[in-house]
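Please model the entire structure based on the sequences and the hints provided.
These protein sequence lines map, in sequence, to chains A and B. Going by the UniProt record's numbering, the residue at position 158 of the first sequence is 158; the numbering climbs one at a time, nothing skipped. Going by the UniProt record's numbering, the residue at position 43 of the second sequence is 43; the numbering climbs one at a time, nothing skipped.
The reader is advised that the hints may include incorrect statements.
Copies of the same chain are indistinguishable here, so a pair counts whether it falls within one copy or spans any two.
[Unchecked claim] Okay, derived cross-link-like pairs now, DSSO-like style, lysine-lysine, Cα gap no bigger than 27 angstroms in a straight line: (1) 203 with 171; (2) 139 with 217; (3) 70 with 139; (4) 10 with 203; (5) 199 with 171; (6) 10 with 171.
It should be emphasised that the hints constitute simulated quantities derived from the structure, not laboratory data.
Next come the chains, spelled out residue by residue.
2 protein chains.
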Amino acid sequence: MRILLVEDEKGLGGAIREHIASEGHAVDWFETLSDASASLTTTNYDLILLDLLLPDGHGLDLLTRIRSAKNSVAVIILTALDQISDRIRGLNAGADDYLVKPFDLGELSARIIAIQRRLYADGTGMLTLGSLSIDLTNKIILNDGAPANLSSREWAVLERLLRHKNSIVAKSVIEDALYEYGAEVESNTVEVYISRLRKKIGKTSIETIRGIGYRMKV
Amino acid sequence: MRILLVEDEKGLGGAIREHIASEGHAVDWFETLSDASASLTTTNYDLILLDLLLPDGHGLDLLTRIRSAKNSVAVIILTALDQISDRIRGLNAGADDYLVKPFDLGELSARIIAIQRRLYADGTGMLTLGSLSIDLTNKIILNDGAPANLSSREWAVLERLLRHKNSIVAKSVIEDALYEYGAEVESNTVEVYISRLRKKIGKTSIETIRGIGYRMKV
DNA sequence: ATAAACCTGACAGCAACCTGAACAGTCACT
DNA sequence: AGTGACTGTTCAGGTTGCTGTCAGGTTTAT
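Next up, the structure:
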C-alpha cells in the first residue's frame, strides 16, 4: 500500500516508517500538516497515519478537510490524548481507527492489516479468483494448488489489481503504488511486471485495457 | 522472548535481569513508569514484569493504559503487597499472573514458561512440524527421531519462527527477540543463526522471504 | 498500411543472502 | 592454572534472485 505518515516526533516517526516499510509498503513521511496536505493533492494514498498535535495545527483539521473533499482514504489517528472526547471527535471526523500513544508497533501492523482487509470487501484476507487462492496476510498464492513465489514488487502490483477487481486500474496508478515520491522510472516497468505476473499466475487473469491500464477479472 | 522489566529496586532488578537473560531472553530494564512506557512505544515485547510501587506512580496505571490501547502483551505483576485486594485489582486490570515478593527466581522461570506455552495456541508445549518434534517446555527437539541440540540463541530464533508459523517473520523482529535495546549488532547475526538452524533441523523447514524475513512452514 | 501501444526474453548490476572459518569468552572438569 | 567443548559474534567470499532497461516482436486502432 501507499501510506502517508504525518508525525512530528522524529524518533517515533522513524520507527514507524521503518517498521511499515519492512512490511512492503511505500511510505511518505511528513512532519507538518502543510507538507502532508501538499502531498495529498498529488498522490493517491491508501492509508494515512495521522498524529493530532502538529507544529502547524491540529490533525483533525486535515481530516475534516479530507472528508469534506469526499476523499475516502483510510485514516488511523495516532495521538497521545487518550481522553474519550478526543477519540470520539476523531471518529466523528471520519477516522477509521485510532491508536493511543504509547502503542505497540505490532499493534499498528494489526490495524493496518485490518484496514487492508476491509479494502477487499469480504474481510477474511483470503481471496479466491478462478484457480487462484490468495492469502493476502501471509503473502501466499496458490495457482491451482501449486504455490507461486512472487517478489515484493510483484505483490504490490497484484494487490493493486485485486483492490479494484473488475475495474480498470490505470497504469499510472500501478506505478504510484510501486514507487514513492522521488524515484521516477522511465521505462516500461509496469508492463514488465504484468508480464511476469501473468507468467506466474496464469495468462488469463489479467486483461489489458489498451491505452488505459489493466483489469483483473473475477 | 523480548521482556520488559519495570522494577526500581536495583538489587532485585539486576538479579531478575541476569536470571532471565541466562535463559536466552532479551531483557530491557527500566526503573520508572515513564521510561518503561516510552520504550513500549517503539518495541514489541512478549512479556512485561511489572512492579507496582514505583517512584513516579503506580504500576496498575501503566497496565490500565496498555489494555485500553488494546495491547495484549502478557503481564506478570511483581509486588510486595500481598493483600488479596491488590491481587484482584491487578488481575482485573488485565494482568496474566502475579508474584508476591519475595519470590524464588525459579518460580519466576516457571511462570514465564507457562506464559510462553500460552502463546502457542494449543497449550501442550509440544509441536510437530514435518519430521520435527519440538518440546518447548524442555527445549528438546527431535529431527526424525534424532535429537538436535540447539543453543539458547538458536532456540530464541526458532521460537520466534514457530510463534508465527506460516506467517512471515521480519528479520528485524527476530533481531528484536535476540537483543535488548542498546546492544546493537551490525553484522548478519540473524542470517548466521538461520543458517545454523537449517543445518540442524533440515534445510526445507525455513523459507527465505527476500527483502523481508523468513517463514516457517507447517 | 501505419503508428502507437503493448508483450516478453535477455541481460547486467546490485543488494540480499548463505556459509565456512576464525576468534574470544565462558564453563565444566581436571 | 590448564584443557577442551561449546557459544556468540564477526568477517569474507561466493551465490542467488530481484530489478530496471532495452530491443525486437506482436497486437490493436484508425
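Now for the hints, and whether the structure bears them out:
1. 203 with 171: Within one copy only: 18 angstroms inside a chain, 34 angstroms across chains, cut-off 27 angstroms.
2. 139 with 217: both (20 angstroms within a copy, 13 angstroms between copies)
3. 70 with 139: between (31 angstroms within a copy, 25 angstroms between copies)
4. 10 with 203: Neither. Shortest intra-copy (44 angstroms) and inter-copy (41 angstroms) distances fail the 27 angstroms Cα cut-off.
5. 199 with 171: within (19 angstroms within a copy, 29 angstroms between copies)
6. 10 with 171: between (33 angstroms within a copy, 23 angstroms between copies)
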